[in-house]
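K.L.:
Going by the numbering used here, the sequence shown opens with residue 13, and the numbers climb by one from there.
Each hint should be verified, as a subset may be incorrect.
To be verified - In silico EDC-like cross-links for lysine to aspartate or glutamate, where the CA-CA straight-line distance does not exceed 16 Å:
(1) Lys184 to Asp296
(2) Lys434 to Glu377
(3) Lys138 to Asp194
(4) Lys470 to Asp418
(5) Lys350 to Glu489
(6) Lys205 to Asp229
(7) Lys121 to Asp229
(8) Lys156 to Glu557
(9) Lys246 to Glu272
(10) Lys236 to Asp68
(11) Lys163 to Asp177
(12) Lys470 to Glu377
(13) Lys350 to Glu309
(14) Lys543 to Glu557
(15) Lys434 to Asp380
(16) Lys350 to Asp380
(17) Lys406 to Glu489
(18) Lys487 to Glu146
(19) Lys33 to Asp296
(20) Lys151 to Glu489
(21) Lys326 to Glu377
(22) Lys46 to Glu146
(23) Lys105 to Asp68
(24) Lys205 to Asp27
(25) Lys156 to Glu489
(26) Lys487 to Glu272
(27) Lys313 to Glu272
(28) Lys151 to Asp200
(29) Lys246 to Asp200
(30) Lys105 to Asp244
(31) Lys156 to Glu272
(32) Lys205 to Glu489
Because the hints were derived from the structure by calculation, they are not lab data.
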Amino acid sequence: LNEFFCGINNEISNDLVQQYKNMYNEPSGIFSFKDVNCDLMFKMLNSISSNAVGNDEIEIKFIKLIFNEIKEVLCHVYNFSIINSVYPSQWKKSVILPLPKISSPSECKHYRPINILCVFGKVLDKLVHSQICEYIDEKDILCKYQSGYRKHFSTQTALIRITDDLRYAMDKRLVTILMFLDFSRAFDCVNHKLLLSILESYNFSSNVVRWFSSYLDNRLQRIKTVGGLFSDWKVNLSGVPQGSTLSALLFSLYINRIIESITFSEIHIYADDVQLYLQTSIKDINIGITNLNADLENLVKWCTNHGLGLNVLKCKPMIVGTSRLLSSIEHHTVLPIKINSTVLEFEKSVVNLGIRITQNLSWSEQVDYIHKKVYQCLYQLRRLNFKPTFMIKKMLVTTLIFPYFDYANIAYCDLNETLTTKLQRAQNACIRYMYNLRLDDHVTRFYKELRLLKVKEKREYSVLNLCKKLLVNRKPEYLYEVYKRLGEGHQRETRYGEVVLRVPIHRTLIYNRSFHVLSVRLMNSLDNYVKDAPSVNIFAKRLKEVLLRRY
Numbered sequence: 013l014n015e016f017f018c019g020i021n022n023e024i025s026n027d028l029v030q031q032y033k034n035m036y037n038e039p040s041g042i043f044s045f046k047d048v049n050c051d052l053m054f055k056m057l058n059s060i061s062s063n064a065v066g067n068d069e070i071e072i073k074f075i076k077l078i079f080n081e082i083k084e085v086l087c088h089v090y091n092f093s094i095i096n097s098v099y100p101s102q103w104k105k106s107v108i109l110p111l112p113k114i115s116s117p118s119e120c121k122h123y124r125p126i127n128i129l130c131v132f133g134k135v136l137d138k139l140v141h142s143q144i145c146e147y148i149d150e151k152d153i154l155c156k157y158q159s160g161y162r163k164h165f166s167t168q169t170a171l172i173r174i175t176d177d178l179r180y181a182m183d184k185r186l187v188t189i190l191m192f193l194d195f196s197r198a199f200d201c202v203n204h205k206l207l208l209s210i211l212e213s214y215n216f217s218s219n220v221v222r223w224f225s226s227y228l229d230n231r232l233q234r235i236k237t238v239g240g241l242f243s244d245w246k247v248n249l250s251g252v253p254q255g256s257t258l259s260a261l262l263f264s265l266y267i268n269r270i271i272e273s274i275t276f277s278e279i280h281i282y283a284d285d286v287q288l289y290l291q292t293s294i295k296d297i298n299i300g301i302t303n304l305n306a307d308l309e310n311l312v313k314w315c316t317n318h319g320l321g322l323n324v325l326k327c328k329p330m331i332v333g334t335s336r337l338l339s340s341i342e343h344h345t346v347l348p349i350k351i352n353s354t355v356l357e358f359e360k361s362v363v364n365l366g367i368r369i370t371q372n373l374s375w376s377e378q379v380d381y382i383h384k385k386v387y388q389c390l391y392q393l394r395r396l397n398f399k400p401t402f403m404i405k406k407m408l409v410t411t412l413i414f415p416y417f418d419y420a421n422i423a424y425c426d427l428n429e430t431l432t433t434k435l436q437r438a439q440n441a442c443i444r445y446m447y448n449l450r451l452d453d454h455v456t457r458f459y460k461e462l463r464l465l466k467v468k469e470k471r472e473y474s475v476l477n478l479c480k481k482l483l484v485n486r487k488p489e490y491l492y493e494v495y496k497r498l499g500e501g502h503q504r505e506t507r508y509g510e511v512v513l514r515v516p517i518h519r520t521l522i523y524n525r526s527f528h529v530l531s532v533r534l535m536n537s538l539d540n541y542v543k544d545a546p547s548v549n550i551f552a553k554r555l556k557e558v559l560l561r562r563y
């Protein structure tokens with residue numbers, strides 16, 4: 013199992029490595045490490061949420077307890093590391109906990125490796141991560157459509173961009189050919205030599221590149237079983253160390269130029285989740301598929317050159333459009349989508365970043381999933397072999413159930429009344445469980461008591477909060493630019509700062525319910541007291557008070 017989890021030693025062309033090295037462009041600025049201090053070190057230590065114990069068997073609570081006594085020495089060690097480009101070898105050892113992906117695993121691929129790293133190493137990784145992120149943001153290095161593990165970006169912002177683009181196409185009487193790509197062990201396939209040359213191409217100084225060479229070289233890992241037994245140590249030959257804050261950032265830099273392989277399609281990336289899509293009319297659907305196939309062919313070549321491979325059987329194509337447009341497609345005349353000569357069948361629904369997307373952008377499958385999960389969880393809670401207090405019930409529901417309602421709820425902000433009611437009844441069931449109420453008992457007063465928003469109000473709250481953040485932070489650019497575009501050259505009395513909140517031009521109810529249209533309508537309807545709040549946090553507090561007054 014440890015052999016399987018160790019990186020894949022992919023051969024990379026020296027020409028490609030040299031090609032990246034030749035991109036080094038010193039005049040645009042070199043990234044070098046800055047010295048770290050004890051305050052920043054303490055901040056990074058407190059940002060670690062996991063209590064997992066690494067190979068050194070030192071618990072984080074113990075480190076926090078003696079921090080004042082060791083901080084000067086530890087700060088010296090960290091600065092010595094980044095100045096001399098040496099990563100401590102003991103911190104490069106990780107313990108792997110294999111978690112089964114399925115109920116009855118029989119092969120190595122049925123397990124997911126969970127990497128447990130030393131706390132001291134995690135703090136150093138976070139210190140380096142914060143400096144690199146500052147440089148990357150300043151130089152605007154990452155592809156603007158990369159939403160993975162970046163400040164102001166999330167799975168929700170990625171889903172909003174995609175679903176609003178799908179709605180926009182429907183509004184224009186177009187269909188969208190959507191391709192969900194799946195990589196095979198993407199983080200494990202990163203070639204160290206190529207990664208270092210890519211860092212050079214982004215003007216990382218030689219000292220920083222040497223530090224990363226030390227960071228990646230001769231990393232050791234071993235498996236820990238449920239019974240507490242350990243495997244032998246093995247050297248990880250490739251890949252980025254998962255479990256570290258640096259892994260996703262390094263992978264994002266590694267695949268950052270994948271967008272250059274795309275000619276016709278739109279692309280969106282969340283870490284190693286890549287989606288291609290393009291819009292076309294029904295009569296030109298085969299032209300669209302031909303163009304998408306051309307992009308896929310070039311993307312596969314790019315991935316192969318970089319040591320990455322697609323799991324073709326898990327790549328899913330789908331045609332999205334209104335029910336009327338979809339019914340007019342003559343499927344026997346539609347060209348197939350291929351990857352490496354493998355023909356892929358069009359799907360009717362796909363789980364994308366945790367959300368169920370269907371061909372006609374109906375959200376019944378997503379709502380059914382949430383509804384089922386909520387009642388399954390409530391059933392299990394009612395079967396507890398002890399009688400929980402109200403506070404314990406509240407904590408259990410808040411922790412285990414409410415995230416199902418909240419996760420990426422803006423992506424499906426166009427729920428119809430029937431589906432909204434179904435979710436509301438599920439939320440009401442949670443309130444009845446907490447307060448031991450009968451099925452026919454009214455629950456509205458308990459929402460007031462808990463200061464809890466109902467489904468519709470919570471959706472409005474989420475939409476407006478994100479709208480405020482976009483207008484303040486102007487990131488992600490791919491969502492903010494819609495507001496920016498609407499404001500250009502437009503003179504109206506309804507303004508928010510420098511941006512005119514004008515309703516986007518549209519012709520159908522589909523786009524009328526999109527995030528951008530809904531957010532503009534809701535923001536324009538707010539009182540200035542809420543709208544003009546001086547910060548995002550104050551805006552959120554005032555907005556919640558307004559929404560709670562509806563009950």
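K.L.:
None of the hints should be skipped; say for each whether it holds.
P.N.:
Each hint tested on the structure:
Taking the CA atoms of Lys184 and Asp296, the gap is near 14 Å; set against the 16 Å cutoff, the hint holds. A threshold of 16 Å between alpha carbons decides the hint, and for Lys434 with Glu377 the separation of about 12 Å falls inside it, so the pair holds. Straight-line distance between C-alpha atoms of Lys138 and Asp194 comes to about 28 Å, which puts the hinted pair past the 16 Å bound. Restraint check: the Cα-Cα separation between Lys470 and Asp418 comes to about 8 Å, which is no more than 16 Å; the hinted pair holds.
Between Lys350 and Glu489 the CA atoms are separated by roughly 32 Å; this puts the pair beyond 16 Å, and the hint is violated. Restraint check: the Cα-Cα separation between Lys205 and Asp229 comes to about 10 Å, which is no more than 16 Å; the hinted pair holds. Of the pairs offered as hints, the one joining Lys121 and Asp229 is violated, with about 25 Å between alpha carbons and a cut-off of 16 Å exceeded. Simply put, Lys156 and Glu557 have alpha-carbon atoms about 35 Å apart, too far for the 16 Å limit, and the pair is violated.
Between Lys246 and Glu272 the CA atoms are separated by roughly 36 Å; this puts the pair beyond 16 Å, and the hint is violated. Simply put, Lys236 and Asp68 have alpha-carbon atoms about 14 Å apart, close enough for the 16 Å limit, and the pair holds. A hinted pair counts as satisfied when its Cα atoms are at most 16 Å apart, and Lys163 with Asp177 does not qualify at roughly 23 Å. For the suggested pair Lys470 and Glu377, the alpha carbons sit about 20 Å apart, so the restraint of at most 16 Å is broken.
For the hint linking Lys350 to Glu309, the alpha-carbon distance of about 9 Å falls within 16 Å, and the restraint holds. For the given pair, Lys543 sits about 13 Å from Glu557 by alpha-carbon distance, which is consistent with the 16 Å threshold. Restraint check: the Cα-Cα separation between Lys434 and Asp380 comes to about 9 Å, which is no more than 16 Å; the hinted pair holds. For the given pair, Lys350 sits about 32 Å from Asp380 by alpha-carbon distance, which is inconsistent with the 16 Å threshold.
Pair hint Lys406 plus Glu489 does not hold up; C-alpha atoms about 38 Å apart against a cutoff of 16 Å. Of the pairs offered as hints, the one joining Lys487 and Glu146 holds, with about 15 Å between alpha carbons and a cut-off of 16 Å not exceeded. Between Lys33 and Asp296 the alpha-carbon distance is near 42 Å, which puts this suggested pair outside the 16 Å criterion. Distance restraint check for Lys151 and Glu489: the Cα-Cα separation of roughly 15 Å lies within the 16 Å cut-off, and the hinted pair is therefore satisfied.
A distance of roughly 20 Å separates the Cα atoms of Lys326 and Glu377; the hinted pair therefore is violated under the 16 Å criterion. For the hint linking Lys46 to Glu146, the alpha-carbon distance of about 12 Å falls within 16 Å, and the restraint holds. For the proposed pair Lys105 and Asp68, the alpha carbon gap of about 9 Å is at most 16 Å, so the pair holds. At roughly 12 Å between alpha-carbon atoms, Lys205 and Asp27 fall within 16 Å of each other, so this suggested pair holds.
Our distance criterion of 16 Å between C-alpha atoms is met by Lys156 and Glu489, whose separation comes to about 7 Å. Proposed proximity of Lys487 and Glu272 is contradicted: the alpha carbons are some 22 Å apart, above 16 Å. Between the alpha carbons of Lys313 and Glu272 the distance comes to roughly 12 Å, so the proposed pair stays at or under 16 Å and holds. A hinted pair counts as satisfied when its Cα atoms are at most 16 Å apart, and Lys151 with Asp200 does not qualify at roughly 28 Å.
Among the hinted pairs, Lys246 with Asp200 is consistent with the structure: their alpha-carbon atoms are about 14 Å apart, no more than 16 Å. Under the criterion of a C-alpha separation no larger than 16 Å, the hint pairing Lys105 with Asp244 is consistent with the structure, at around 12 Å. For the proposed pair Lys156 and Glu272, the alpha carbon gap of about 13 Å is at most 16 Å, so the pair holds. Our distance criterion of 16 Å between C-alpha atoms is broken by Lys205 and Glu489, whose separation comes to about 32 Å.
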